[in-house]
Amino acid sequence: MKVIAFLTDFGLSDAYVGQMKGVALRICPEAKLADITHGIPKYNVLWGAHILRISRRYFPKGTVFVGVVDPGVGSERKAVAIVGEEGNVYVGPDNGLLYPSAAEEGIKAVYELNPEKAGLPEIAHTFHGRDLFTPAAALIACGVNPASIGRRLSADDLVKLPKIPRKPKVMGEAVRARVVYVDGFGNIITDMGTSELRNYLGVKLGGIVQISFDGGRTWVSVKYGRTFSDVPEGSLVLYEGSHGLIEIAVNRGNAALALNPARDVLMKKAAKQLNR
Amino acid sequence: MKVIAFLTDFGLSDAYVGQMKGVALRICPEAKLADITHGIPKYNVLWGAHILRISRRYFPKGTVFVGVVDPGVGSERKAVAIVGEEGNVYVGPDNGLLYPSAAEEGIKAVYELNPEKAGLPEIAHTFHGRDLFTPAAALIACGVNPASIGRRLSADDLVKLPKIPRKPKVMGEAVRARVVYVDGFGNIITDMGTSELRNYLGVKLGGIVQISFDGGRTWVSVKYGRTFSDVPEGSLVLYEGSHGLIEIAVNRGNAALALNPARDVLMKKAAKQLNR
Amino acid sequence: MKVIAFLTDFGLSDAYVGQMKGVALRICPEAKLADITHGIPKYNVLWGAHILRISRRYFPKGTVFVGVVDPGVGSERKAVAIVGEEGNVYVGPDNGLLYPSAAEEGIKAVYELNPEKAGLPEIAHTFHGRDLFTPAAALIACGVNPASIGRRLSADDLVKLPKIPRKPKVMGEAVRARVVYVDGFGNIITDMGTSELRNYLGVKLGGIVQISFDGGRTWVSVKYGRTFSDVPEGSLVLYEGSHGLIEIAVNRGNAALALNPARDVLMKKAAKQLNR
Numbered sequence: 001m002k003v004i005a006f007l008t009d010f011g012l013s014d015a016y017v018g019q020m021k022g023v024a025l026r027i028c029p030e031a032k033l034a035d036i037t038h039g040i041p042k043y044n045v046l047w048g049a050h051i052l053r054i055s056r057r058y059f060p061k062g063t064v065f066v067g068v069v070d071p072g073v074g075s076e077r078k079a080v081a082i083v084g085e086e087g088n089v090y091v092g093p094d095n096g097l098l099y100p101s102a103a104e105e106g107i108k109a110v111y112e113l114n115p116e117k118a119g120l121p122e123i124a125h126t127f128h129g130r131d132l133f134t135p136a137a138a139l140i141a142c143g144v145n146p147a148s149i150g151r152r153l154s155a156d157d158l159v160k161l162p163k164i165p166r167k168p169k170v171m172g173e174a175v176r177a178r179v180v181y182v183d184g185f186g187n188i189i190t191d192m193g194t195s196e197l198r199n200y201l202g203v204k205l206g207g208i209v210q211i212s213f214d215g216g217r218t219w220v221s222v223k224y225g226r227t228f229s230d231v232p233e234g235s236l237v238l239y240e241g242s243h244g245l246i247e248i249a250v251n252r253g254n255a256a257l258a259l260n261p262a263r264d265v266l267m268k269k270a271a272k273q274l275n276r
Numbered sequence: 001m002k003v004i005a006f007l008t009d010f011g012l013s014d015a016y017v018g019q020m021k022g023v024a025l026r027i028c029p030e031a032k033l034a035d036i037t038h039g040i041p042k043y044n045v046l047w048g049a050h051i052l053r054i055s056r057r058y059f060p061k062g063t064v065f066v067g068v069v070d071p072g073v074g075s076e077r078k079a080v081a082i083v084g085e086e087g088n089v090y091v092g093p094d095n096g097l098l099y100p101s102a103a104e105e106g107i108k109a110v111y112e113l114n115p116e117k118a119g120l121p122e123i124a125h126t127f128h129g130r131d132l133f134t135p136a137a138a139l140i141a142c143g144v145n146p147a148s149i150g151r152r153l154s155a156d157d158l159v160k161l162p163k164i165p166r167k168p169k170v171m172g173e174a175v176r177a178r179v180v181y182v183d184g185f186g187n188i189i190t191d192m193g194t195s196e197l198r199n200y201l202g203v204k205l206g207g208i209v210q211i212s213f214d215g216g217r218t219w220v221s222v223k224y225g226r227t228f229s230d231v232p233e234g235s236l237v238l239y240e241g242s243h244g245l246i247e248i249a250v251n252r253g254n255a256a257l258a259l260n261p262a263r264d265v266l267m268k269k270a271a272k273q274l275n276r
Numbered sequence: 001m002k003v004i005a006f007l008t009d010f011g012l013s014d015a016y017v018g019q020m021k022g023v024a025l026r027i028c029p030e031a032k033l034a035d036i037t038h039g040i041p042k043y044n045v046l047w048g049a050h051i052l053r054i055s056r057r058y059f060p061k062g063t064v065f066v067g068v069v070d071p072g073v074g075s076e077r078k079a080v081a082i083v084g085e086e087g088n089v090y091v092g093p094d095n096g097l098l099y100p101s102a103a104e105e106g107i108k109a110v111y112e113l114n115p116e117k118a119g120l121p122e123i124a125h126t127f128h129g130r131d132l133f134t135p136a137a138a139l140i141a142c143g144v145n146p147a148s149i150g151r152r153l154s155a156d157d158l159v160k161l162p163k164i165p166r167k168p169k170v171m172g173e174a175v176r177a178r179v180v181y182v183d184g185f186g187n188i189i190t191d192m193g194t195s196e197l198r199n200y201l202g203v204k205l206g207g208i209v210q211i212s213f214d215g216g217r218t219w220v221s222v223k224y225g226r227t228f229s230d231v232p233e234g235s236l237v238l239y240e241g242s243h244g245l246i247e248i249a250v251n252r253g254n255a256a257l258a259l260n261p262a263r264d265v266l267m268k269k270a271a272k273q274l275n276r
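Protein chains in written order, with our numbering: chain A, 1 to 276; chain B, 1 to 276; chain C, 1 to 276.
Chain A with its partners taken away, still in its complex shape:
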């Protein structure tokens, strides 16, 4: 029994996800359907790729992942199925969404989907998720060889995008990172990993980091902790979150409401520590 796991930027208000699920059940009734999320910010292929990559490891081996963050739907961009070396398959647009996951697993084979073999009889120009990607994934989940519904490509031909985490930019004694996401709790997620924090700022667990969202005019001190409750209720904490990235939160509060974050965040080691 195979799992088909969906990741999109469709949200759940509309019937787009529901129709994809219907198609999957129609083509492969025995598949188990699961959602990674449908809340990827619209058109944000980069973040979708990161979430798919960090989420895939929690699913059973042999899962068929359908990823649809697809601003170029209906254009010339390819539709692909990538078979991984551990048995997972990644189906979606060739726009960089699937590549980091597949590359991390190891790429066994890449196929460009043939809409006539892999898709529904009618394919809407605006909805390949329903009419091409999901049918292809459901066929594969039910045992169809991807080679029979697409033509072989080289992994070199796949579109690649910059990967998260990224190196911060050094600016004097501070570094500049990017805010890549704010989650439903208001936790502010940066594109910086823990090793970057330690290497560039030299701050240890329990130390203090100063952060600025206005280019360095005002700074806020934040404790570098392990979890929310390492600081008092209502206080800021900086920690490695479950996305594998440095996050800023308020214990039992909403950091995004408290700080009104901009796209760039500057970080530096607090002076007190520097003087030690």
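It is possible that some hints are incorrect.
One copy or any two copies: either way a pair holds, since identical chains are not told apart in the list.
To be verified - Derived lysine-lysine pairs resembling BS3-like cross-links, with alpha carbons at most 25 Å apart:
#1 K42 / K223
#2 K269 / K167
#3 K61 / K2
These are computed hints drawn from the structure, not numbers from a lab.
Following the hints, position chains B and C against chain A.
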């Protein structure tokens, strides 16, 4: 193995949908549960009926559909199960929500549900979705004959509402349609079909349509394309969307934010084309 | 075949719920996964406990419930599995979230989860829902004895919180209750049960209640009905809702938008009735 597919205006913040799923699993553990959507705008029976009708074809034959957009819950409106000629069953309130789907499939039989036979032992006056419609659907999914939990009605007795798409109103050289929905991408969906666009305005694919949301005071030119990427990033495009209706979008943007649509939209062929 | 049913305050925009589902399917592929809701207001353990308690009865016997409203994640609070006398199991933080459900069912045994036996190899300090509670629940759903992944506790050791419904505070001829939730329809849900309404105010079905959200300066008259359609469209109605609590709604409208409710609501019997 049967699929039970849900469509409601309940949203997903509350536990209403979750409780319905529990009831379904309790009564018919082997059923597969699926969601069409729970994001139908509150009380909008007309749009719910359209979404159910265009979505049903993507589900396996023999699906039991539970539709709950039910502003009259607890009142005199009937609770019904409609058996379709292709083997699907539609369960919900008799308020026009189910009729277009059932009529399109062909109506084999209609039953008014008997709450004592079809419902839970206690039926909340405000939540027939959980206490009556879902139990009835789960019984039917597990093989119970609808005739044994309800009494036969004539299809003529069912409530019918106007159907989408609708004919636009001709107003000089323009036509007036209605905005029936704005989706999560900000795409503006009208109640006009493609044949109406072509017949009334005589615009061909690739042509230009002028649209107005303020009764004709200001007009915006929009290309009639096949998909978003038929226009440059940030530009407006008018196209037949996956709802089978004329939609207006911004390529990689949000048309509702750009245009602030009112309920009525006027459309006319661009002058340049008329002079050709 | 076991059901694992999830209740959290995670929302559905992020991938947190999706990763928990993946973990469950990986550990116990034959489990059926269901959602009660992920829309519990952030950190509101009290409301989460109420929703879990009123929802659990709709699920099949033997369901493993995973509850995660967990502001103290990563702190000293215990992780527990509570086995109920009817065969359900409740897994989550020991912060009062699970207790009302388990106590209502009857508590057979309580175990403090051993992260090394019950959790994933790596446990994020900020996400026990994915790395500890869900793995434990999936093991239990697949037949593992909770005693083998935790150590026995006494039910007396569990954290207990005040229970909903609560007694209103008598203030002259009025009573004061609390607004505990506003649902997706804008229905205003109080912490007062029907028996409290009848006992303290002496209002009968069909009678009129006066309510105030500003400490008694202004009052609005509301009919005490059974369901929305007991009042004309657009009118207020007070009724026992499906949460087992007194709610205030607008028939086919949004009471929260109409009334802008504060945290406290005063209620008194309308003068006309008192004079009868």
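Here's how the hints hold up against the structure:
1. Taking CA atoms no more than 25 Å apart as the test, K42 paired with K223 passes between copies only; the shortest distance there is 23 Å, against 32 Å inside one copy.
2. Only within a single protomer do K269 and K167 lie at most 25 Å apart by alpha-carbon distance; the minimum there is 17 Å, versus 52 Å between protomers.
3. When the C-alpha separation of K61 and K2 is checked against a cutoff of 25 Å, the pair qualifies both within a copy, at 9 Å, and between copies, at 21 Å.
Violated hints: none; the structure is consistent with every hint.
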